[in-house]
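Engineer: Each chain, written out:
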Amino acid sequence: GEDVEQSLFLSVREGDSSVINCTYTDSSSTYLYWYKQEPGAGLQLLTYIFSNMDMKQDQRLTVLLNKKDKHLSLRIADTQTGDSAIYFCAEILFSSGSARQLTFGSGTQLTVLP
Amino acid sequence: DTEVTQTPKHLVMGMTNKKSLKCEQHMGHRAMYWYKQKAKKPPELMFVYSYEKLSINESVPSRFSPECPNSSLLNLHLHALQPEDSALYLCASSQEYSNYNEQFFGPGTRLTVL
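These protein sequences, in sequence, are chains A and B. Start counting the first sequence at 1; every next residue gets the next number (the working numbering). Start counting the second sequence at 115; every next residue gets the next number (the working numbering).
Looking at chain A on its own, in the form it has when it is part of the complex:
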């Protein structure tokens, strides 16, 4: 399978910006995603980017995609304590009809300090 890598931990002060990085290996991925998981909960899709885009902005979230380096990042502006969670990047490994097989990164634990 393909490997999707992330740094494991990130701590920031409330009000600062957070940048979570991800490297992926499947250059044929059409969509790349960022999911958020709060303690004891399922995964929530935060945002996604199509592979022909370089950047996507959605309120406090900015996604940057560098296809040449296979690098994806998620920037959270004005980080709040409610943003403390694990963030997973993911790419589509397989798609057939309705089925989509996602490959997830290892996850980055974001801790927001007051």
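Hints in this document: simulated from the structure, not taken from any laboratory. Each hint should be verified, as a subset may be incorrect.
[To be verified] Beta-carbon label-pair distances, calculated as ranges:
#: 1; chain 1: A; residue 1: M55; chain 2: B; residue 2: M129; range: 46 to 52 Å
#: 2; chain 1: A; residue 1: V19; chain 2: B; residue 2: M129; range: 41 to 47 Å
#: 3; chain 1: A; residue 1: K68; chain 2: B; residue 2: S134; range: 43 to 49 Å
#: 4; chain 1: B; residue 1: S179; chain 2: A; residue 2: T23; range: 46 to 52 Å
All C-beta atoms in this analysis are idealised placements derived from N, C-alpha and C, irrespective of residue type, glycine included.
Assemble the complex: chain A is given as a structure, and chain B must be docked to it using the hints.
Structural biologist: Okay, now just chain B, sitting in the frame of chain A:
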């Protein structure tokens, strides 16, 4: 209705028990997924159903038996589990031809095997 529901929320079982996890969605999605997630790790794909037929089985031990009785329901039957099977079991669904191929996740069932 735009959610995936899972029951039970928590389950404790012995190694000789038989139990079932249930997942339901009423979004008309034709693909449904089971994932296993250990603490602080990314979800690992177990099974994929597409149009009520098993399309992907990621070499999961036979003590896990999936069932898709109709397009809205997905079950995971458990028998003779081991303590290492303790994990969060996540169900997800996705629709065909969506704009960005999103998978919608349920909140999960926290399984403890004694």
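Engineer: Determine for every hint whether it applies to the structure shown.
Structural biologist: Okay, the hints, checked on the actual structure:
1. M55/A with M129/B: 46 to 52 Å: holds, 51 Å
2. V19/A with M129/B: 41 to 47 Å: The hint (41 to 47 Å, Cβ to Cβ) holds, given that V19/A and M129/B are roughly 45 Å apart.
3. K68/A with S134/B: 43 to 49 Å: holds, 48 Å
4. S179/B with T23/A: 46 to 52 Å: At 36 Å between Cβs, range violated.
In summary, the one numbered hint that this structure violates is 4.
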